[in-house]
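Residue numbers (the numbering used here), protein chains in the order written: chain A, 19 to 496; chain B, 19 to 496.
These aren't lab readings, by the way, just hints derived from the structure by calculation.
Note that the Cβ used here is the ideal one computed from N, Cα and C, for glycine as well.
To give a feel for the contact side, a few chain A residues facing chain B, derived at Cβ under 10 Å: (1) 102; (2) 126; (3) 133; (4) 314; (5) 315; (6) 317; (7) 318; (8) 367; (9) 368; (10) 414; (11) 425; (12) 432; (13) 469; (14) 472; (15) 474; (16) 494.
Protein chains: 2
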Amino acid sequence: MTETIDTLVTHAHLFSMQGQGVGYIHDGAVAIYQGRIVAIGSTSDLEARFQITETIDASGCAVLPGLIDAHMHTPWAVVRGVAQDVSNWMQMALAPYSRHITPEAALAGTRLNVLEAIKAGTTTTVDFAKPNPGWAEVFEGAGVRARLTPTINAMPPGGMAGWKVGDIYPLDDDVGQGDIDTAMAFVSDWHCAADGRITVMLGPQAPDMISGDQLLQIKRLAEREGLMIHMHVAQGDREINQMIKRFGKRTPQYLDEIGYLDDQLLAVHLTEATDAETVLIAHSGARMALCSGSIGIIDGIVPPARVFREAGGLVGLGSDQAPGNNCNNIFNEMKLTALFNKIKARDPEVMPAWEVLRMATIEGAQAIGLGDEIGSLEAGKQADLILIDLSAPNLTPAMDTPIRTIVPNLVYAGSGHEVKTVMVAGQILMRDRQVLTMDETVVQAEAQRQAEAVSLRVAADPVHKKMALLTAMEAGQL
Amino acid sequence: MTETIDTLVTHAHLFSMQGQGVGYIHDGAVAIYQGRIVAIGSTSDLEARFQITETIDASGCAVLPGLIDAHMHTPWAVVRGVAQDVSNWMQMALAPYSRHITPEAALAGTRLNVLEAIKAGTTTTVDFAKPNPGWAEVFEGAGVRARLTPTINAMPPGGMAGWKVGDIYPLDDDVGQGDIDTAMAFVSDWHCAADGRITVMLGPQAPDMISGDQLLQIKRLAEREGLMIHMHVAQGDREINQMIKRFGKRTPQYLDEIGYLDDQLLAVHLTEATDAETVLIAHSGARMALCSGSIGIIDGIVPPARVFREAGGLVGLGSDQAPGNNCNNIFNEMKLTALFNKIKARDPEVMPAWEVLRMATIEGAQAIGLGDEIGSLEAGKQADLILIDLSAPNLTPAMDTPIRTIVPNLVYAGSGHEVKTVMVAGQILMRDRQVLTMDETVVQAEAQRQAEAVSLRVAADPVHKKMALLTAMEAGQL
Numbered sequence: 019m020t021e022t023i024d025t026l027v028t029h030a031h032l033f034s035m036q037g038q039g040v041g042y043i044h045d046g047a048v049a050i051y052q053g054r055i056v057a058i059g060s061t062s063d064l065e066a067r068f069q070i071t072e073t074i075d076a077s078g079c080a081v082l083p084g085l086i087d088a089h090m091h092t093p094w095a096v097v098r099g100v101a102q103d104v105s106n107w108m109q110m111a112l113a114p115y116s117r118h119i120t121p122e123a124a125l126a127g128t129r130l131n132v133l134e135a136i137k138a139g140t141t142t143t144v145d146f147a148k149p150n151p152g153w154a155e156v157f158e159g160a161g162v163r164a165r166l167t168p169t170i171n172a173m174p175p176g177g178m179a180g181w182k183v184g185d186i187y188p189l190d191d192d193v194g195q196g197d198i199d200t201a202m203a204f205v206s207d208w209h210c211a212a213d214g215r216i217t218v219m220l221g222p223q224a225p226d227m228i229s230g231d232q233l234l235q236i237k238r239l240a241e242r243e244g245l246m247i248h249m250h251v252a253q254g255d256r257e258i259n260q261m262i263k264r265f266g267k268r269t270p271q272y273l274d275e276i277g278y279l280d281d282q283l284l285a286v287h288l289t290e291a292t293d294a295e296t297v298l299i300a301h302s303g304a305r306m307a308l309c310s311g312s313i314g315i316i317d318g319i320v321p322p323a324r325v326f327r328e329a330g331g332l333v334g335l336g337s338d339q340a341p342g343n344n345c346n347n348i349f350n351e352m353k354l355t356a357l358f359n360k361i362k363a364r365d366p367e368v369m370p371a372w373e374v375l376r377m378a379t380i381e382g383a384q385a386i387g388l389g390d391e392i393g394s395l396e397a398g399k400q401a402d403l404i405l406i407d408l409s410a411p412n413l414t415p416a417m418d419t420p421i422r423t424i425v426p427n428l429v430y431a432g433s434g435h436e437v438k439t440v441m442v443a444g445q446i447l448m449r450d451r452q453v454l455t456m457d458e459t460v461v462q463a464e465a466q467r468q469a470e471a472v473s474l475r476v477a478a479d480p481v482h483k484k485m486a487l488l489t490a491m492e493a494g495q496l
Numbered sequence: 019m020t021e022t023i024d025t026l027v028t029h030a031h032l033f034s035m036q037g038q039g040v041g042y043i044h045d046g047a048v049a050i051y052q053g054r055i056v057a058i059g060s061t062s063d064l065e066a067r068f069q070i071t072e073t074i075d076a077s078g079c080a081v082l083p084g085l086i087d088a089h090m091h092t093p094w095a096v097v098r099g100v101a102q103d104v105s106n107w108m109q110m111a112l113a114p115y116s117r118h119i120t121p122e123a124a125l126a127g128t129r130l131n132v133l134e135a136i137k138a139g140t141t142t143t144v145d146f147a148k149p150n151p152g153w154a155e156v157f158e159g160a161g162v163r164a165r166l167t168p169t170i171n172a173m174p175p176g177g178m179a180g181w182k183v184g185d186i187y188p189l190d191d192d193v194g195q196g197d198i199d200t201a202m203a204f205v206s207d208w209h210c211a212a213d214g215r216i217t218v219m220l221g222p223q224a225p226d227m228i229s230g231d232q233l234l235q236i237k238r239l240a241e242r243e244g245l246m247i248h249m250h251v252a253q254g255d256r257e258i259n260q261m262i263k264r265f266g267k268r269t270p271q272y273l274d275e276i277g278y279l280d281d282q283l284l285a286v287h288l289t290e291a292t293d294a295e296t297v298l299i300a301h302s303g304a305r306m307a308l309c310s311g312s313i314g315i316i317d318g319i320v321p322p323a324r325v326f327r328e329a330g331g332l333v334g335l336g337s338d339q340a341p342g343n344n345c346n347n348i349f350n351e352m353k354l355t356a357l358f359n360k361i362k363a364r365d366p367e368v369m370p371a372w373e374v375l376r377m378a379t380i381e382g383a384q385a386i387g388l389g390d391e392i393g394s395l396e397a398g399k400q401a402d403l404i405l406i407d408l409s410a411p412n413l414t415p416a417m418d419t420p421i422r423t424i425v426p427n428l429v430y431a432g433s434g435h436e437v438k439t440v441m442v443a444g445q446i447l448m449r450d451r452q453v454l455t456m457d458e459t460v461v462q463a464e465a466q467r468q469a470e471a472v473s474l475r476v477a478a479d480p481v482h483k484k485m486a487l488l489t490a491m492e493a494g495q496l
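Model the full structure from these sequences, guided by the hints.
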């Protein structure tokens with residue numbers, strides 16, 4: 019008797035990401051039932067094996083696991099483009115906007131970023147943000163997979179823009195405790211929600227932004243609830259400077275001494291980690307979120323992902339924040355990761371296309387703790403996948419012999435706009451570039467409206483006069 | 019009496035690139051008559067001033083001068099993606115394909131590349147290729163502007179794949195003279211053709227690929243005909259190695275001594291030029307074509323464009339060759355140029371968005387010797403311009419105060435797919451993403467067909483067994 023399935027994706031250049039490479043299958047197919055993959059194989063085999071409800075013809079397309087964005091800050095999308103080309107970007111460019119982003123503006127940013135991500139083939143987002151009402155609902159409604167991380171810090175609100183670069187920040191334990199309590203309430207409400215699509219991590223923003231006691235309290239809570247911890251680590255000279263002033267040591271040593279380095283930790287950035295510190299963190303089992311684009315723009319630095327991986331660590335790719343990246347697109351991150359690391363090593367063989375594609379899929383899934391559920395196309399896993407139109411001029415031609423050119427072209431020539439169809443847990447979120455779960459026009463217009471309101475509030479606030487980019491504005495360079 | 023014009027582009031975020039910055043005009047307009055710009059200004063002023071035949075509403079769009087690609091090799095697009103992630107890319111990856119690219123395959127590559135370029139907002143191409151029959155006609159028919167450079171070298175055809183890395187190449191003066199004669203015939207046929215849209219440069223491929231006598235012969239011909247010389251200079255350790263073995267000196271010193279460094283020269287790459295050599299070349303008045311993407315991929319190197327510009331030199335951006343770049347897209351080159359140079363300097367303030375936008379427009383135009391005709395939107399210049407849809411999620415929002423975010427977002431978040439409409443010399447080549455002067459489906463299918471034929475010929479040629487990427491293919495990484 020023939021087994022019935024919901025969907026068969028057929029005639030694909032199938033990159034399953036199984037095994038140690040890219041797991042290519044010629045004229046491949048993916049069989050999906052109740053949101054999960056039940057088989058992959060050749061189209062003819064699977065067509066013969068199943069009774070099919072809907073067929074999705076992927077002729078001329080590459081089919082890949084949905085891409086994984088291991089670190090984002092979606093609300094910031096509402097002020098895309100305010101924090102590049104400057105030094106001390108956080109204080110001199112971003113902070114003046116921070117106090118003027120209302121909850122409504124933040125939500126508009128989240129919607130915009132989720133839309134942007136879907137259109138570029140991202141199916142799983144690890145988001146880090148203040149848990150405003152409605153935040154989780156955006157992901158739930160859009161149908162994407164998300165690991166949501168409510169920000170926890172002990173920083174008095176609205177302060178940073180007024181502080182002097184280099185001064186030690188004030189910390190307020192009441193603020194920290196409030197954020198911890200809010201986060202735990204969020205865990206109750208949202209961890210494993212939406213049929214498991216939405217899960218939660220605990221997110222101390224950074225070790226310099228909270229007391230050691232509260233940092234350890236978060237660790238105990240994470241252990242009790244079986245949650246990962248998602249934290250910025252060694253993210254810049256600003257942080258290292260604060261850590262030395264406050265604790266007398268650099269971040270990795272501090273975290274090692276308090277017992278924070280283990281496989282529960284998703285460590286974001288490692289911008290300022292030395293090679294020895296990087297190896298220490300990798301050997302602990304902690305995972306790394308690598309944000310090549312944003313760290314390249316805001317710091318001019320290539321984080322030590324190559325050292326981390328060579329020490330056996332798992333690395334996922336993150337698009338971080340739109341004010342200084344300025345896009346949230348894992349194709350962009352794949353390309354920049356490969357190129358930046360070649361340049362850092364002055365070696366074109368470093369970080370070939372297939373390696374960064376693994377970081378964007380299976381290795382990224384493992385890094386964020388979802389390696390058993392997503393990241394590759396194989397029986398039993400979630401049906402999170404994307405179709406990429408290889409007839410786009412920049413992806414043409416697709417050659418198969420004596421070498422196959424599809425993966426290098428996806429990484430080095432792809433932009434994300436070639437993604438045609440996006441599926442999460444068997445549900446189609448975008449078909450032929452039309453997003454079905456969000457109204458693109460409404461999302462765009464609301465983001466624009468909210469951004470204009472934010473920018474007017476910033477312009478009316480004297481703190482904006484410290485912004486580094488005002489000079490460029492006055493010189494006619496913007 | 020009101021003056022009549024052909025076209026008024028209205029309600030744009032207009033970036034004229036006049037002056038020293040980006041020349042922004044709010045609610046701007048461009049008036050066009052007989053292929054040239056007759057005025058720019060505010061929409062209301064220009065609407066009152068002219069009798070308009072056709073209005074193009076650019077509401078919600080940025081309008082910029084068409085982008086300039088200062089260095090391409092269009093035929094190579096037919097083997098996109100065969101030469102990245104390897105050392106000695108030219109001999110170990112590209113050369114096995116070279117002998118199997120028929121004139122028809124080369125033409126299919128040129129058509130594909132011109133199509134790709136138009137769709138990413140490139141209006142002027144400086145192409146470097148063997149002048150196969152039909153090559154120039156592609157640019158003529160597509161309606162783009164081109165500076166075509168027929169390749170001149172003295173290398174026996176089909177050789178490189180069989181040579182050992184490091185061995186000095188054989189040179190054949192008869193081959194060199196044949197290429198010179200062919201190039202001069204091409205000059206007669208095509209220089210200033212198609213109402214001046216098509217012009218010609220002389221292109222000795224590189225100083226290591228031709229005798230000194232023939233290099234000087236080309237210089238005299240260029241002076242006589244008033245042509246620029248377009249040549250690869252210090253393009254890699256391969257070239258420097260050949261120069262030292264053949265002439266006993268590095269390329270810049272050699273060119274300086276034979277009188278080759280002056281403002282007639284467009285020097286491509288400078289990959290291996292030291293800072294002192296870079297300054298020498300810049301001070302001579304020679305111009306630089308910077309190919310950030312391709313040199314990043316094939317060499318893992320950031321060429322010394324910053325030093326060149328600081329020495330007063332003009333730099334244009336080039337997308338080079340698709341086998342190892344792997345796209346031909348000036349948005350890609352702008353982003354990579356800004357980011358690579360920040361990383362090289364470990365300084366986020368280096369090469370801000372507006373500077374790379376100038377390299378892609380007015381500075382690029384000056385670098386290729388067309389600064390009086392294109393590169394900015396101003397009265398008297400050619401009407402080469404592009405409309406970019408700012409409602410794309412990755413370009414949303416567009417903020418205007420206290421700083422304007424459009425230019426940084428175009429550079430760091432734009433991909434080229436947001437280009438909506440493209441005009442060259444007043445003729446619309448693409449409207450709402452539909453290319454009007456080429457049949458996209460036919461161009462794509464023909465490139466695919468030719469590429470498959472090339473790849474089968476390569477697979478049947480034993481020389482392919484030396485290809486570096488075969489190992490990756492066998493390991494399931496492609």
